Amino acid sequence: MKLSKQEFLSLSGLGHETLVAWIEEEWLIPGGSFAEMSFSEIDIARARFIRDLKMDLGVNDEGVGVILNLVDQLHGMRRTLMELREVVRTTK
Amino acid sequence: MQQRDPYEILGVAPTAPAEEIQKAYRKLAKKLHPDLNPGNAEAEEKFKEIASAYGLVGDAEKRKKFDNGEIDAGGAERPPHSYYKDYASSERDHPYADNSGFADFMDSEDGFAELLRRSARAQANRRGHDLEFRLPIEFIDSIAGANKRLTLPDGGTLDVTIPPGIVEGQVLRLRGKGAPGSGKGGFGDALIEVEIKPDRFFTREGDDIHLELPVTLTEAVLGGRIKVPTPTGAVTMAVPKGSNTGTVLRLRGKGAPRHAGGHGDQLVKLKVILPKEPDPELEAFVSGWENGKTYNPREEVAT
Chain L
27 MKLSKQEFLS LSGLGHETLV AWIEEEWLIP GGSFAEMSFS EIDIARARFI
77 RDLKMDLGVN DEGVGVILNL VDQLHGMRRT LMELREVVRT TK
Chain C
2 MQQRDPYEIL GVAPTAPAEE IQKAYRKLAK KLHPDLNPGN AEAEEKFKEI
52 ASAYGLVGDA EKRKKFDNGE IDAGGAERPP HSYYKDYASS ERDHPYADNS
102 GFADFMDSED GFAELLRRSA RAQANRRGHD LEFRLPIEFI DSIAGANKRL
152 TLPDGGTLDV TIPPGIVEGQ VLRLRGKGAP GSGKGGFGDA LIEVEIKPDR
202 FFTREGDDIH LELPVTLTEA VLGGRIKVPT PTGAVTMAVP KGSNTGTVLR
252 LRGKGAPRHA GGHGDQLVKL KVILPKEPDP ELEAFVSGWE NGKTYNPREE
302 VAT
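These protein sequence lines map, in sequence, to chains L and C. Those letters in the first sequence? Residues 27 to 118, by the working numbering. Those letters in the second sequence? Residues 2 to 304, by the working numbering.
Quick caveat, the hints were computed from the structure, so don't treat them as lab data. Since this is a predicted model, take the numbers as computed values, not measurements. Keep in mind that a hint or two might mislead.
What the hints assert, rightly or not - Facing chain C, from chain L, some residues (calculated, C-beta under 8 angstroms): (1) Ile55; (2) Gly89; (3) Arg105; (4) Val113.
What the hints assert, rightly or not - Between beta-carbon pairs, the in silico distance windows are: (5) L/Gly84 with C/Leu192: 42 to 48 angstroms; (6) L/Arg77 with C/Glu133: 27 to 33 angstroms; (7) L/Leu107 with C/Arg135: 33 to 39 angstroms; (8) C/Asp108 with L/Lys28: 56 to 62 angstroms; (9) L/Arg77 with C/Glu213: 55 to 61 angstroms; (10) C/Ser91 with L/Met81: 24 to 30 angstroms; (11) C/Glu115 with L/Met27: 33 to 39 angstroms; (12) C/Arg119 with L/Met27: 31 to 37 angstroms.
Every residue, glycine too, gets a C-beta built ideally from N, C-alpha and C.
Sequences and hints are given; from them, build the entire structure.
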């Protein structure tokens, strides 16, 4: 599902300035060009995660970047682990 | 279901100041937030519990109401939503994907590295996703079939052939019209769910099509041949002498195509309609028509 910037803002509850700041930090990476960004469900879920980190957990901006980096590495490993499971299963 | 006490869930006294409640919540959330524990379903369940407890007593107004017994512990349950982890591990291509955490494993020369590389190759040649669309079509097109052009959200178009007799909710699969795959993986499919717009005149029941059709008094009394619309074009139908409002005539084979071959029927229900303007000649005739005065169509209706 592809979402426009307006749809993304209303679904995520973010303000425009916050969105621009988060994109500059590379916390969010929308598709398309800067003039015509496109978003998907993973961006909404990620924005909600960032908001939870900042608001609910009291993580500061430096910490958010560190956590996102580590969480993304963890997901990369989890995905590879799942794919390895497939390879092991099919080559038996 | 008996709800647990939110203070107990957060591990604070009911008299604890707001700062202490927030502190307790943060401490638990740091440990249990589902996105910090992907793969740990138990943490997710516990997190839901503390989040709803904090939603209640972490909000000054709701806390007051809860303490006064105006709302119960279920009063702040959050609607379930999906977490980042639900997408980040399962989706293959997204801008946040990061394999640097184990890149060094890939470079070694042992069997495990070989496995990893094989898996990476399989991933490199994966088929694209299927894409789902909805296509509203006219009733007539659903019976007769049609060629439609679907405009996609990204501005592209897709030519869709609607087979005759398609029903509401049926899904058409266009092979290779989905998202691009990676490497030699090829394209996914486009899945198009058909939505049939209601028609002003025709309705469908199974393979039969129903139509209510106005006829004149003359056509009803004397019979005649009239033109009847069908979804596949107009046909001529004989109205028998002495037809009435409610008389149903069957046009064989003019319904929707059947699965097993052949067609259903079109059922035409007649409705006798008098001229819109009062007609002096008709009035004069009916005044002199003796049978019309004695016949009582309401005989069987209790009055």
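Subject >> Restraint outcome when L/Gly89 is required to lie within 8 angstroms of chain C by C-beta distance >> reply: 11 angstroms, violated
Original post:
Is 55 to 61 angstroms right for how far apart the beta carbons of L/Arg77 and C/Glu213 are?
Top reply: Since the Cβ atoms of L/Arg77 and C/Glu213 sit about 57 angstroms apart, the hinted range of 55 to 61 angstroms holds.
Original post:
Is the hinted range of 33 to 39 angstroms satisfied by the C-beta distance from L/Leu107 to C/Arg135?
Top reply: Roughly 36 angstroms apart at Cβ, these two residues keep to the hinted range, so it holds.
Subject >> Evaluation of the interface hint that places L/Ile55 against chain C, nearest CB under 8 angstroms >> reply: 4 angstroms, holds
Original post:
Range hint 24 to 30 angstroms: satisfied by the CB atoms of C/Ser91 and L/Met81?
Top reply: 26 angstroms, holds
Original post:
Within 56 to 62 angstroms or not, the Cβ separation of C/Asp108 and L/Lys28?
Top reply: 37 angstroms, violated
Subject >> Status of the given 33 to 39 angstroms range, CB of L/Met27 versus CB of C/Glu115 >> reply: 37 angstroms, holds
Original post:
Holds or violated: 27 to 33 angstroms for the Cβ distance of L/Arg77 and C/Glu133?
Top reply: The hinted range 27 to 33 angstroms holds for L/Arg77 and C/Glu133, with Cβ atoms some 29 angstroms apart.
Original post:
Given a hinted range of 42 to 48 angstroms, is it respected by the beta-carbon distance of L/Gly84 and C/Leu192?
Top reply: 44 angstroms, holds
**OP:** Would you settle whether the hint for L/Val113 is holds or violated, based on the nearest Cβ-Cβ distance to chain C being less than 8 angstroms?
**Re:** 5 angstroms, holds
Subject >> Status of the given 31 to 37 angstroms range, CB of L/Met27 versus CB of C/Arg119 >> reply: 32 angstroms, holds
**OP:** Let me know if the C-beta of L/Arg105 comes in closer than 8 angstroms to any C-beta of chain C, holds or violated.
**Re:** 5 angstroms, holds
Violated hints, listed in ascending order, are 2 and 8; each of the other numbered hints is respected by the structure.
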